[in-house]
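What follows is each chain in one-letter form.
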Amino acid sequence: MATSAQTWSEEIVEAAGGAVQLVKGGSGEPLLILHDELGHPGWLNYHQALAQDNTLYIPSHSGFGETVRQEWIMNMRDLAGWYLEVLDDLGLDRVNVMGMSLGGWLAAEMASMSPQTFKKMILVGPAGIRPPTGEIYDMFLVVAKEFISKGILDQDATSEFSTICPDEPTPELVERWEVAREEASRLSWRPYMHYPGLPHLLHRLKTLPTLVVWGKEDAIVPLSAGQVYQENIKGSRLAVIDNCGHHPEIEKTEEFLQLVKEFLAA
Amino acid sequence: MFIGYFTERPYQDERTGFFGATGTPIMDLTVSNEAFDPILAAGLYNRYLDEKIYAEEMGFDGLMLNEHHNTAFCMGGAMNVEASILARITKRAKIVLLGNIIPIWDDPLWLVEQLSMIDMISHGRLVSGWVRGTGRESVSHNIEPHYNWERFQEAHEFIVKAWTTPGPFRWEGKHYNYRHVNPWAKPYQKPHPPIWLPGVVSRDSLMWAAEKRIPYIMLATEMDPTKQAFQLYHDTAAEHGYESGPQNLGYLWKVHVDETEELAEATGRKYVQGPSNPFLAGNEGTVNPALVNLPGLTSRRRVLPTQAVATAARGGGGGVAGVLGRPYEQQIADHTIICGTPKTVIPKIRHVLEYIRPGSIFFWDGDGAMTHDDAMRSLRLMGEEVIPAVREIAKELELPGPFEVDPATGKSIDPTPDETSQ
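Quick note, the sequences are listed as chains A and B, same order. For the first sequence, position 253 (counting from the first letter as 1) is numbered 253 according to the working numbering, and the numbering increases by one without interruption. For the second sequence, position 102 (counting from the first letter as 1) is numbered 102 according to the working numbering, and the numbering increases by one without interruption.
These aren't lab readings, by the way, just hints derived from the structure by calculation. Mixed in with the good hints, there may be bad ones.
Derived Cβ-Cβ restraints for the label pairs, each shown as a range [what the hints assert, rightly or not]:
#1 S159/A with K227/B: 49 to 59 Å
#2 R69/A with T30/B: 31 to 41 Å
#3 G134/A with R88/B: 18 to 28 Å
#4 D406/B with G134/A: 49 to 59 Å
Yeah, the Cβ is synthetic: ideal placement off N, Cα and C, and Gly gets one too.
Construct the complete structure from the given sequences, taking the supplied hints into account.
Structure, rendered in C-alpha cells:
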C-alpha cells in the first residue's frame, strides 16, 4: 500500500530473558499478531488497514528474525509458556490476539494455558490440530518458495504474491526464510505441526470470544482441522472464505478485514 | 597403509528405467518402492556379500559398508545385518562401518548391543564409524534435523560410556534418557572398537574428529579441497596438543582395474550409468534442494572447502554449485576416477597418495551399472597386482595406517598375531 510516511517502527526490546524483535505500528487498542512458520512477512496491506484502529504488536518468535533463540525451547508448549512472560514484560494483558498458521497454533496454546491473557482471539488457518481428513502439507520437504506458492490458491489474482514470494528473492530474504524454517522445525518436526492434546486443552476457552478464519481451499492445513477448532472452543465461529488458500489475509484481504473488524467491534 | 574395498550396493534393475544418464532421473524421496522387486534384490544382496568375501581373499584389509535409507542407490538400509554376516563368514579383514547414522536412532543402546555382538562374532574385527546422515536419513526415520549434531555428540558419548563403564548406570541427557544401562553384550576389543568418522561437508564434524583423535575418512572428494580439509584436521590436532599423521586420515575414491585399457574404460563409464546416486559425480540424478538443505541439519556457515552449499538452492529451485554433474572425462583427468590396467592404474594411485597423504584408502568399485563379473575381474587384478604395489609405495612414502601407528598417540603399534580361530 502506498503511504507517504512509514506508519510502523521496528525495535529490539528486552523481554523474558532475551532480545525480542518487535514491529509496532498504528493507533488504538493493542492487537497482538503472531506470525506464521516463515516469520513476519513485512508490513502488508492487511497490517496497514488494521493499524487504522489498532496498535499492532508483531514480535518475532524465539529464534525467528532478530529475536534471540531460547535454546531450552523444544516444542510449541515451551514457546507458549515463554511467550506469556514476553507479554508480561511488554505490558500486554487482556489483549486481542491474531495468529496466522503456526502463530495461530501458538495463540491457541497460550490461550489454553492462560485464557485470561486474551480478550478476543482470531485464528487464521492455524496449525496445531491433526486434521481428521487430509494432512498438513510438509513444509520441510520443499524449499520455502514452493511452500509459499502452495499456500496461495490463485497467485495471479493475489496482488501481494510477488511481495511475499519474489521471483528472485534477495539473499537477506532467503536467509530469513532459512532461519524461520529451522526454528519452525525445532517447534514442529514431530509430531508434525500439531500437538495431540490441544483439542482437549481448548475446552478451557469457554469464555474467550474466538473467530477461526479459514480459506476453503487451504492446501497447507486442511479445513477439517478448522472444524475441530470450532467444535472444541465453545461459542467460537468458523468463517470459511471461498476460493481462498492458506492466507486469507493476503489472498482475500477485503473479506478477511471485514470479518476481523466486525469481530473486534462486536 | 590400510586398504579397504567399498561399493554402495545399488539396486540394479533395468526394468525400472532408472539406469544410465539417459534413463529416468531419480530425485531423492520421490521414487515409490512399488518398483522394488525382492526376488531380484535377494540376488543382489548375496552378490554384494560374495564380492566382499572375495575382496578379503584378494588381500584387502577392510571391507567397508555404509547405510542410506529410502533410496535405490544404496541397498544397505540395515548395514549392521550385512556386517553381522561378514563377521561370521570372513576370517581376517576388518569390517569397517562408515558408518552407523547415530543421530537418527532414538535408542542408541540397541546399537551398543548390536555392535558389541558384531565385534565378538568377528573376534574383534569391527571398526565402528559414525556418520550424521543426509537429509533423506533424517526424513526417513523422522528425526529432528536441527538436533542432528547435538544428538550425534550425545549418542557418541553414551555409546562409549555403555561400552566402557560397568553398569548399571542411569543416563539423563538432553536427547536420550535411560533408567538402567547395563548391556550384557560388551565389545571384544578393549577399551572399545575403533571409532572412525567419514564425511564430506561439515567443518564441525571434522574438527570434532580431530579433537577426539578419531580418524577422518574423506568420501570421494576432489583432491585439492581434500588436501585443505586434511590440513584443517592437522591444524586442529596441533591446537589440541598432539601431532596427527597419515594414520589419522583416509580417502575413498573410485578405482577400477581391468584386463585391457579398452575394457577398463568401457567398464569405468558404468560408474555414471547406474541408478542415480547423489554421491556418484556425473550420475547424481536430480538434486532435491529441500533435502540438501534440511533446516538445521548442517550449519549453513560452517561447511568444508569440499562442499560449499549454494545460496540459490536454499530459497529457490537451483542445485548445488560446483560439485555436481562432473563428466566422466573430467573425473578421469582429476583422478577422482582411476581406471585402467594395473600398469596404468598404479602410478595414478601413487600420485593421489603423494598428493594428499592418507594412511587409509578405500577403492570404490563395482558400483553404478557394473556387473558382478566387472567387480570380480577388478578385485582379482587388485589382489594380484595393485594391492602389493600400493603397499610398497605406501612404505616408501611413509604412510602408516591406523593399525600400524596409533592415531591417538602417534606411536607404533606392535603387530598382533591374527586371531582368526572361529
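Status of each hint after checking the structure:
no. : hint                           : verdict
1   : S159/A with K227/B: 49 to 59 Å : 53 Å, holds
2   : R69/A with T30/B: 31 to 41 Å   : 32 Å, holds
3   : G134/A with R88/B: 18 to 28 Å  : 49 Å, violated
4   : D406/B with G134/A: 49 to 59 Å : 58 Å, holds
Violated hint: 3 only; the structure is consistent with all others.
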